[in-house]
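There are 2 protein chains.
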Amino acid sequence: MAQNNRITLYDLVLASGCTISPFVWRTKYALKHKGFDIDLVPNGFTGIKELTNGFSDRLPVIVDDGHWVKDSWAIAEYLDEKYPERPMLFFGDSHKILTKFIDGWLWATAIRPWFTCYIKDYHDLSRPEDHHYVRSSREKLFLGGRTLEESQAGREQRLPLVPPQLEPLRLLLKDTPWLGGKSPNYTDYCILAVFLWTASVATIPPLHADDPLKDYIDRGFDLYGGLGRHPGMHNLFGLPKPAAQETSA
Amino acid sequence: MAQNNRITLYDLVLASGCTISPFVWRTKYALKHKGFDIDLVPNGFTGIKELTNGFSDRLPVIVDDGHWVKDSWAIAEYLDEKYPERPMLFFGDSHKILTKFIDGWLWATAIRPWFTCYIKDYHDLSRPEDHHYVRSSREKLFLGGRTLEESQAGREQRLPLVPPQLEPLRLLLKDTPWLGGKSPNYTDYCILAVFLWTASVATIPPLHADDPLKDYIDRGFDLYGGLGRHPGMHNLFGLPKPAAQETSA
Chain D
1 MAQNNRITLY
11 DLVLASGCTI
21 SPFVWRTKYA
31 LKHKGFDIDL
41 VPNGFTGIKE
51 LTNGFSDRLP
61 VIVDDGHWVK
71 DSWAIAEYLD
81 EKYPERPMLF
91 FGDSHKILTK
101 FIDGWLWATA
111 IRPWFTCYIK
121 DYHDLSRPED
131 HHYVRSSREK
141 LFLGGRTLEE
151 SQAGREQRLP
161 LVPPQLEPLR
171 LLLKDTPWLG
181 GKSPNYTDYC
191 ILAVFLWTAS
201 VATIPPLHAD
211 DPLKDYIDRG
221 FDLYGGLGRH
231 PGMHNLFGLP
241 KPAAQETSA
Chain B
1 MAQNNRITLY
11 DLVLASGCTI
21 SPFVWRTKYA
31 LKHKGFDIDL
41 VPNGFTGIKE
51 LTNGFSDRLP
61 VIVDDGHWVK
71 DSWAIAEYLD
81 EKYPERPMLF
91 FGDSHKILTK
101 FIDGWLWATA
111 IRPWFTCYIK
121 DYHDLSRPED
131 HHYVRSSREK
141 LFLGGRTLEE
151 SQAGREQRLP
161 LVPPQLEPLR
171 LLLKDTPWLG
181 GKSPNYTDYC
191 ILAVFLWTAS
201 VATIPPLHAD
211 DPLKDYIDRG
221 FDLYGGLGRH
231 PGMHNLFGLP
241 KPAAQETSA
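Protein chains in written order, with the numbering used here: chain D, 1 to 249; chain B, 1 to 249.
Be aware that one or more of the hints could be misleading.
[Unchecked claim] Calculated lysine to aspartate or glutamate pairs in the EDC-like style (CA-CA distance at most 20 Å, straight line):
id : chain 1 : residue 1 : chain 2 : residue 2
1  : B       : Lys182    : D       : Glu81
2  : D       : Lys100    : B       : Asp65
3  : B       : Lys182    : B       : Asp218
4  : D       : Lys174    : B       : Asp175
5  : B       : Lys182    : D       : Asp93
6  : D       : Lys34     : D       : Glu85
7  : D       : Lys182    : B       : Glu81
8  : B       : Lys34     : B       : Asp65
9  : D       : Lys100    : B       : Glu167
10 : D       : Lys100    : B       : Asp103
Simulated from the structure, these hints should not be mistaken for laboratory data.
Pulled out of the complex, with its shape left as it was, chain D reads as follows (with noise of 0.2 Å):
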């Protein structure tokens, strides 16, 4: 049992104290859903096995007096099944498996063009330390070596074909005020982690100003004392309208 309601954290986090990784985003709200407090330790993109003694090379980790947990979805079955009298973050297999459906879409039609989009911010936001890193990572495991310059140019012309992409999320919302109902559960978290990445690293708008997504949104990053509103986070909406061009569904 978590010893005076608190867990450790490690985070993943930009030069301005502001968490980057959409995973550790989620663990962040799936802890608070479950009405723990949270000992945040801040990292960057390196160093990340040392600082874990070798448990994980990657974040979110957890640790649950004295216990270690890693991978996100890992820590969300974990907090249910360990602490089933608290509020729950699933509701059965079909939750979970369509829950990794719904945020498998989200990944490809949202952050997949994004990820080209803000991959210059993404690199100038993190820390100093963690420049080379980000760098060569990124162009090396994702950009298939480009740079991280040639791979952001031209997302003025890009932007635009993203919102377009995201009427099945609209449609849904239109009759439900979250994915879990009539309060917020995992599948939210993992809804809102795609925004709150990006808002992390945005710093021109992805969306437009009237996107009807956005009280989603808010609302989502107004949760728990406004988890997701920390200084460093730019604006979602304000992308310029398409003048007089029809988008395409």
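Dock chain B against chain D, hints included.
Frame of chain D, contents of chain B only:
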């Protein structure tokens, strides 16, 4: 309480007697999931209002011991509410909300393109007395005034575009036998209904012979004594592979 465990279902059928409506298909599966025997009343596309004494102009409609219910989603909710002691179709709000999401995704991804690929088959396979209605309603409401023949033309070029788009469903089914987890639930019936609709009209196959979805679809069609194996159904697997040509993700 259903007398003698029987519920009446007004079916929407082709000349072969095979169900065509995906909404009726999922209601058939839902009734079997809840353990009912079905008294099927077969109908075509026309005369539904008269047949149901003005209760509905669309199918499915069920009659449970004199109580009439219409709309496949409302029927599923009715069955769970009225018979909670029988196996449940839904598990909480998130399950319903996310089922709508994956169902909407599959309609946009598969039924939308397949509709025009099989719309002439759909007409030709319907009951002769429905031909006029099917042609005029589909050409006016769904095809923007194009004829069935114009719409279906060129399908050999369009069909190969669909299977690569189903990859998110394949990925999901790598880790679970059913979208319900260890056993199927209403999510599976919604997904299977799309393929059951397609099998009812597809005179040439829409999926490749080695599609990993075949295992799931076959198991789904075999449920409840081969509920999806009605005479008149077509083989879904056998679409020729593009020769030495990469498919795009």
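Next pair to validate is Lys182(B) with Asp218(B); report whether the Cα-Cα distance is within 20 Å.
Holds, at about 16 Å.
Compare the distance between the alpha carbons of Lys100(D) and Asp65(B) with 20 Å, and conclude whether the hinted pair is satisfied.
Roughly 40 Å separates the two Cα atoms, so the pair is violated.
Run the distance test for Lys34(B) versus Asp65(B): straight-line Cα separation, threshold 20 Å.
With Cα atoms ~15 Å apart, Lys34(B) and Asp65(B) stay inside 20 Å; holds.
Quick one, are Lys174(D) and Asp175(B) close enough, alpha carbons at most 20 Å?
31 Å, violated
Does Glu81(D) sit within 20 Å of Lys182(B), going by the straight-line distance between their CA atoms?
19 Å, holds
Within a Cα-Cα threshold of 20 Å, do Lys182(B) and Asp93(D) meet the stated pairing?
8 Å, holds
Need the status of pair Lys100(D), Glu167(B): alpha-carbon distance at most 20 Å?
14 Å, holds
Tell me if the straight-line CA distance from Lys34(D) to Glu85(D) falls inside 20 Å.
9 Å, holds
Given the hinted pair Lys182(D) and Glu81(B), is their Cα-Cα distance within 20 Å?
The given pair, whose Cα atoms are some 19 Å apart, holds under the 20 Å limit.
Between Lys100(D) and Asp103(B), does the CA-CA distance stay at or below 20 Å?
Distance ~15 Å between Lys100(D) and Asp103(B) Cα, so the pair holds.
In this structure, the hints that do not hold are numbers 2 and 4, in rising order.
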